[in-house]
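J.: Using the sequences plus the hints, can you model the full thing?
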Amino acid sequence: MTISATHAEVEQLYLASELNGQKSICVTACHSGDGVTSVATALAERFLLAGHSTLYVDLNLYNPAFKDLNMLEDSQQGQLIEHVESHRMFIGVPAPQVASTQLAYKDPTTLQKVVNKWLEKYDRVIIDTSPLLNINKGNIPAQSVASACDSTLMVVAYGETSTHHLEQAKKLLDAQSINLMGSVMNMKQTPSFAQELVRQINRMKFLPTKLRDSLANKLYQNEFLNLPM
Numbered sequence: 001m002t003i004s005a006t007h008a009e010v011e012q013l014y015l016a017s018e019l020n021g022q023k024s025i026c027v028t029a030c031h032s033g034d035g036v037t038s039v040a041t042a043l044a045e046r047f048l049l050a051g052h053s054t055l056y057v058d059l060n061l062y063n064p065a066f067k068d069l070n071m072l073e074d075s076q077q078g079q080l081i082e083h084v085e086s087h088r089m090f091i092g093v094p095a096p097q098v099a100s101t102q103l104a105y106k107d108p109t110t111l112q113k114v115v116n117k118w119l120e121k122y123d124r125v126i127i128d129t130s131p132l133l134n135i136n137k138g139n140i141p142a143q144s145v146a147s148a149c150d151s152t153l154m155v156v157a158y159g160e161t162s163t164h165h166l167e168q169a170k171k172l173l174d175a176q177s178i179n180l181m182g183s184v185m186n187m188k189q190t191p192s193f194a195q196e197l198v199r200q201i202n203r204m205k206f207l208p209t210k211l212r213d214s215l216a217n218k219l220y221q222n223e224f225l226n227l228p229m
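Residue numbering for the sequence shown follows full-length UniProt numbering, beginning at 1 and increasing consecutively.
Please keep in mind that the hints were generated in silico from the structure rather than gathered at the bench. Predicted model only: the values in this text are computed from it and were never measured. A few of these clues could be false.
[Stated by the list, open to error] Restricting the straight-line Cα-Cα distance to at most 25 Å, the calculated cross-link-like pairs of lysine to any residue (SDA-like) are:
1. K170 with G21
2. K67 with S53
3. K170 with Y62
4. K113 with L180
T.: If you want it as structure tokens, here you go:
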């Protein structure tokens, strides 16, 4: 899923971080597939549109979304990386493959020093993390990344993330060193009102198929009814 950098909600996130002087932002979620990369890339693009040099860091070892194109020399300060699905490119740091680097990044103090080093060269740093609740020894804990950044955004999948899981995730971010800027509601799986109406119409088997199809087409052509609920 691709989110436009000029989307109203992305603009609000951009303004909130700018007004609070937040230069390094961690983006995380409860589970894989909740939309972290979509939000993180949109925010990174918004910073770029504002003229800020921006480093995109992929620390999601659970499901890396970027590949290194190996076209630049200084690998520690940023490579040209490509999003595997959309083929969009950023100056960034791909998910570390070396075990010693992965281990070092698990320590909040060490990672904070690395983030500060990145900020010496770039105006903004956006970090895409592993899911908070997908805990295993191979992941860099999202709460460690959050502790090393100025602020943290948590992406919540509407209709999928349970209240229980959300509370678990918030507890992991409940530390004095972590600044939770807020949550982003990802409504990618939410049907529009038109889709819901069509679903109900299709259940009315007593109606002729042609009539049901005609009603469905009219509903899908209505712009207002096709907004997410």
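J.: State for each hint whether it applies.
T.: Against the structure, the hints:
no., hint, verdict
1, K170 with G21, "23 Å, holds"
2, K67 with S53, "20 Å, holds"
3, K170 with Y62, "20 Å, holds"
4, K113 with L180, "20 Å, holds"
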